[in-house]
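J.: Sequence:
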Amino acid sequence: MSASTPPAPPRWRVRFQLYLTAVLALLALVAGGAVSWLNYRSASSQLIDSHVTQFDYAVSAAESRTEHLLAPVDATLQMLGGSALVTAGSLATRLEALPLLIRALRQDQRLSALYLGYPDGEFFLLRPLDSPDSRRLFMAPPDSRYLVQGIDQQDGQRWMQFVYLDEAGRVLYRQRLLSPPFDPRTRGWYQSAVRAAGQRILTEPYRFYTTGEAGASVAREIAPGVVAGADLSLQDLSRWLVRQPRISRSEIVLYDATSLRLLASSLPPQPDRHGLALPELGNQGSAAMAALARGPHPLGAYPVEVDGEPWRVVVRALPQTSHGPPLRLAVLVPEDELLAAARAEGARALLLTGILVLVVVPLAWWIAGRVSASLVELAGRARAIHALDFSPRPPLHSAIREIDTLAQSMDGMQATIGHFLAIGLALMREREPHALYDRLLAETLAAAEGAAVGLYFLDADRRQLLPAGGLIGEQRLILPALSLRSSLHDARARALETGRSQIEPLQPDSPVFDGLPPPVMALGRQGPSIRLCVPLVGHEGRGTGVLVLLFVHGQSLSHERQAFIEALAGLAAVAIDNQQLLSAQTALLDSLIRLLAGAIDAKSPHTGGHCQRVPVLLRWLAEAACEARQGPFASFRLTPGQWDALLIAGWLHDCGKVTTPEYVVDKATKLETLYDRIHEIRTRFEVLKRDADIDYWRGVAAGGDAAALGRTRDERHAALDADFAFVAACNTGERPLSDADLARLRRIGARTWQRTLDDRLGISHEEQSRLPAAGPLPATEPLLADKPGHRVPRPDGDGTAANRRRGFSMEAPDWLYDRGELHNLSVRVGTLTAEERYKINEHIIQTIEMLRQLPFPPHLKQVPDIAGSHHEHVDGSGYPRGLMQDDMSVEARMLAIADVFEALTAADRPYKTGQPVSEALARMRAMCERGHLDRDLFVLFVESGVWRRYAERYLAPAQLDAVDVAAVLAPPGDRTPATLR
Numbered sequence: 001m002s003a004s005t006p007p008a009p010p011r012w013r014v015r016f017q018l019y020l021t022a023v024l025a026l027l028a029l030v031a032g033g034a035v036s037w038l039n040y041r042s043a044s045s046q047l048i049d050s051h052v053t054q055f056d057y058a059v060s061a062a063e064s065r066t067e068h069l070l071a072p073v074d075a076t077l078q079m080l081g082g083s084a085l086v087t088a089g090s091l092a093t094r095l096e097a098l099p100l101l102i103r104a105l106r107q108d109q110r111l112s113a114l115y116l117g118y119p120d121g122e123f124f125l126l127r128p129l130d131s132p133d134s135r136r137l138f139m140a141p142p143d144s145r146y147l148v149q150g151i152d153q154q155d156g157q158r159w160m161q162f163v164y165l166d167e168a169g170r171v172l173y174r175q176r177l178l179s180p181p182f183d184p185r186t187r188g189w190y191q192s193a194v195r196a197a198g199q200r201i202l203t204e205p206y207r208f209y210t211t212g213e214a215g216a217s218v219a220r221e222i223a224p225g226v227v228a229g230a231d232l233s234l235q236d237l238s239r240w241l242v243r244q245p246r247i248s249r250s251e252i253v254l255y256d257a258t259s260l261r262l263l264a265s266s267l268p269p270q271p272d273r274h275g276l277a278l279p280e281l282g283n284q285g286s287a288a289m290a291a292l293a294r295g296p297h298p299l300g301a302y303p304v305e306v307d308g309e310p311w312r313v314v315v316r317a318l319p320q321t322s323h324g325p326p327l328r329l330a331v332l333v334p335e336d337e338l339l340a341a342a343r344a345e346g347a348r349a350l351l352l353t354g355i356l357v358l359v360v361v362p363l364a365w366w367i368a369g370r371v372s373a374s375l376v377e378l379a380g381r382a383r384a385i386h387a388l389d390f391s392p393r394p395p396l397h398s399a400i401r402e403i404d405t406l407a408q409s410m411d412g413m414q415a416t417i418g419h420f421l422a423i424g425l426a427l428m429r430e431r432e433p434h435a436l437y438d439r440l441l442a443e444t445l446a447a448a449e450g451a452a453v454g455l456y457f458l459d460a461d462r463r464q465l466l467p468a469g470g471l472i473g474e475q476r477l478i479l480p481a482l483s484l485r486s487s488l489h490d491a492r493a494r495a496l497e498t499g500r501s502q503i504e505p506l507q508p509d510s511p512v513f514d515g516l517p518p519p520v521m522a523l524g525r526q527g528p529s530i531r532l533c534v535p536l537v538g539h540e541g542r543g544t545g546v547l548v549l550l551f552v553h554g555q556s557l558s559h560e561r562q563a564f565i566e567a568l569a570g571l572a573a574v575a576i577d578n579q580q581l582l583s584a585q586t587a588l589l590d591s592l593i594r595l596l597a598g599a600i601d602a603k604s605p606h607t608g609g610h611c612q613r614v615p616v617l618l619r620w621l622a623e624a625a626c627e628a629r630q631g632p633f634a635s636f637r638l639t640p641g642q643w644d645a646l647l648i649a650g651w652l653h654d655c656g657k658v659t660t661p662e663y664v665v666d667k668a669t670k671l672e673t674l675y676d677r678i679h680e681i682r683t684r685f686e687v688l689k690r691d692a693d694i695d696y697w698r699g700v701a702a703g704g705d706a707a708a709l710g711r712t713r714d715e716r717h718a719a720l721d722a723d724f725a726f727v728a729a730c731n732t733g734e735r736p737l738s739d740a741d742l743a744r745l746r747r748i749g750a751r752t753w754q755r756t757l758d759d760r761l762g763i764s765h766e767e768q769s770r771l772p773a774a775g776p777l778p779a780t781e782p783l784l785a786d787k788p789g790h791r792v793p794r795p796d797g798d799g800t801a802a803n804r805r806r807g808f809s810m811e812a813p814d815w816l817y818d819r820g821e822l823h824n825l826s827v828r829v830g831t832l833t834a835e836e837r838y839k840i841n842e843h844i845i846q847t848i849e850m851l852r853q854l855p856f857p858p859h860l861k862q863v864p865d866i867a868g869s870h871h872e873h874v875d876g877s878g879y880p881r882g883l884m885q886d887d888m889s890v891e892a893r894m895l896a897i898a899d900v901f902e903a904l905t906a907a908d909r910p911y912k913t914g915q916p917v918s919e920a921l922a923r924m925r926a927m928c929e930r931g932h933l934d935r936d937l938f939v940l941f942v943e944s945g946v947w948r949r950y951a952e953r954y955l956a957p958a959q960l961d962a963v964d965v966a967a968v969l970a971p972p973g974d975r976t977p978a979t980l981r
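With the UniProt record's numbering, you'll find the sequence shown wraps up at 981, consecutive numbering, no jumps.
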């Protein structure tokens, strides 16, 4: 295998934690076996001695635990002996001491009641009601937190009172009973305390009725005949007992030696079948406890038999009080566990070794887990970085130096890459060049932790570095330009020339600071500083600018920080390059759009500067809507992308007119196509007049009456002149035609003339295809003809059905063009036939179809819909799609307003004069009432003064006449003043 060939990966892999655990377990097994073999003989005796000693320690601890449990309670009882409760003779005076009792109950949560018994049989008790069950048991109000039970004598009768208190000790409710059966003097706790003569007594344990916990009453005579008592829970002692270390099958029990009642056990408690009494020792489902209950109960260590199996019992007394039940603590251990090591040397050695391995393996697993956890976490973080997940994570530390160093390096790498990408994304999101420069300066200064930063770009001639901005803290700087010819040794020029970063140490008197803004000069004069110049290299590999950073005294420039700044500069160069390319493309697109709009306006004098003025009106109206703070447009706002779409739509809203034949747009007479065919008609009339002259001379030559023939000729000439004059008048379209006019046209057209030349000669193949077959000559033809050759068929895929498929509602005529002479002259109003009018209106369809073919980015997808809807009406009667108001965007309805106002006021159209502003607004108001324009936008157009601003800039002074705004904005149906009609 060659040295360059990488080693093959292992065929199987194992987790580091499992590997380390196996090694440690093997070492533990070997070491444990050796130790077990050398020490197995002394292990058995040590186990027994250790067990007994440990139990004795447990007994001592239990005694201390019991005393720890009883001592605070006894102190509370002694405190009551010094209180006014001792001498209080009535319930009312005893209630005055409630704060003392409440404080005692709050300080010791194990107390379930505090009470006093008096020698005259009176009684006073305070019990906490800290659970819904306890309040329900004593039928207490929901807000109750304490219950006072008091017995006193009034008027020779014994009364018991129940007083319910809230959390603050305020009385909520009282209940009074006569002749209660309860007398504290008959109770065991009272009598035992009196007999103990001031010593603390502990009653036989029992189960509390309210909580179900095991407990006992602690009492003490605090004055002659006055006994204070407390109900104390033994639950804390039970939990402590369960936590004591023991052999796996061993059992530890605490019981009353007199009643053989179980107080606590290391086994889970059995269900309560004894009410308030504690369970019996032999009824807990434990064979060992049953054996202990059956036999004698001497103190010390002795064997017992449990279901035929030998066990060993150790019993010790708890001498916690001389005035209480005898409590015993016993541990029961099976001999096969306790003495297994002493019975067989081999078994003992195996057991000790097994125990050692069982202990070592989890420990080894834990140690290996601790060591490998950091590696696993580092692997996870590496995968996260690979997946470009740079979400923040808590710092990772390890006691192993190498792992800790690796963790710190990886955290630094993750933070650096994440910060770098975050800055890159922020730079890429900026749309405006100056915003991009400002963001770059701020991010660079923050990441470098420098004092000041500046950005320079090469000019077009690559002779100067022009400043794009500077920053010191949050203050902007205006930096001077740098001439490369006169500053060849400047670090900025060197960085640009070499393509490498330049680090320049500076002294306070360095000339570099001369000419810089005062804040920078002040920083530099304070002490030594460092200037870092990083070149910006574009996508072509050529330097485009320099990023300059200043580090003053106390700021360091480490290798890592310099590398980060250089990487950031490279990213910034790409972002700036992309921004410049995008700006150039945007400028080119804008220029092409304006070029197309200008070409449309230049194509025909009928449109004038329409395509260039409508975007101005549209932008002003949109700005007014965005600035509105009330009314229908209070919430209307446009994003930068929507502004682009709106203005592009305004510039290209009539781009479809490039497909409309110029002669159709400019058609001034009815017979005009590429030329005015009235000249052909005139020639035919001239032919008929020549025919009249020829008929005259033929008649004279034949010997006819010259005078009569002359009169006939003159009459024919006059009739032809009058008919031609009528046809010529019809051709201009200056007045509408009546039915009589149309009838006269048909009569004139019915005249005939003789054609002696073939009409198929010298014409195009396309026109020949529309003519019928050639007939004999000479041919008699009508004076005004509608020939088949005049009709141009509509191409396949064009027409009404095609419009429907594309979502347009316009009805297309059957013919593309019908140039029939009589057909054109018969147009009643204007000069356009139905075919030609459709061709002009079709420009909006062409606009939409042309714009739909362009690959607009997502934020410009609405351009075709906005541009193609300015001839729609809000009532659905417009074209080309018959959209209703809700079907059109606000921007499309704005374009309709701008289009109409510009068309009405335009003064550069050859076929009309520009209307005054008052007349244009009046007509637009009427269009709103007819459902053509959006009235809300029209109101905004008038109220914002957009019309006045436009008129002052683009219209003749005479057009800006007086406008009654109130009348223009009057509700629909109001009579319009005469000045606006």
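By construction, these hints were calculated from the structure, which means they are not laboratory data. There could be a bad hint or two in this list.
What the hints assert, rightly or not - The list that follows gives simulated cross-link-like pairs (lysine-lysine, DSS-like), each with its CA atoms no further than 30 Å apart: (1) Lys787 to Lys689; (2) Lys839 to Lys861; (3) Lys839 to Lys787.
Claimed, not checked - Using C-beta positions, here's what the derived DEER-type ranges look like: (4) Asp695 to Gly799: 47 to 53 Å; (5) Ala801 to Arg755: 38 to 44 Å; (6) Gly799 to Ala743: 29 to 35 Å; (7) Asp886 to Gly541: 51 to 57 Å; (8) Ala801 to Gly541: 53 to 59 Å; (9) Cys626 to Ala801: 29 to 35 Å; (10) Ala728 to Asp693: 19 to 25 Å; (11) Arg746 to Arg949: 52 to 58 Å; (12) Val376 to Trp643: 49 to 55 Å; (13) Gln768 to Trp643: 52 to 58 Å.
We put the CB at the ideal spot given by N, CA and C, even for glycine.
J.: Between Ala728 and Asp693, is the Cβ distance one that fits in 19 to 25 Å?
T.: holds, 22 Å
J.: Given the hint that Lys839 pairs with Lys861, does the C-alpha gap stay at or below 30 Å?
T.: Given that 30 Å is the threshold and the Cα spacing comes to 26 Å, the pair holds.
J.: Lying within 52 to 58 Å: is that true of the beta-carbon distance Gln768 to Trp643?
T.: Since Gln768 and Trp643 have Cβ atoms about 54 Å apart, the given range 52 to 58 Å holds.
J.: Has the given pair, Lys839 with Lys787, been kept, meaning a C-alpha gap of at most 30 Å?
T.: Distance of about 21 Å is within 30 Å: holds.
J.: Determine whether the Cβ-Cβ distance between Asp695 and Gly799 falls within the hinted range of 47 to 53 Å.
T.: Holds, at about 49 Å.
J.: Do the Cβ positions of Ala801 and Arg755 conform to the proposed distance bound of 38 to 44 Å?
T.: Distance hint for Ala801, Arg755 holds at roughly 39 Å.
J.: Taking the beta carbons of Asp886 and Gly541, is their distance inside 51 to 57 Å?
T.: holds, 55 Å
J.: Are the Cα atoms of Lys787 and Lys689 separated by 30 Å or less?
T.: Given pair Lys787, Lys689 holds - Cα atoms ~24 Å apart, limit 30 Å.
J.: At the C-beta level, are Gly799 and Ala743 separated by a distance inside 29 to 35 Å?
T.: Given about 32 Å between the Cβ atoms, the range holds.
J.: With respect to the beta-carbon atoms only, verify the hint that Val376 and Trp643 lie 49 to 55 Å apart.
T.: holds, 52 Å
J.: Do the Cβ positions of Cys626 and Ala801 conform to the proposed distance bound of 29 to 35 Å?
T.: Distance hint for Cys626, Ala801 is violated at roughly 42 Å.
J.: Using the beta carbons of Ala801 and Gly541, state whether their distance is inside 53 to 59 Å or not.
T.: Given a distance of about 58 Å, which is inside 53 to 59 Å, the answer is holds.
Of the numbered hints stated above, the single one contradicted by the structure is hint 9.
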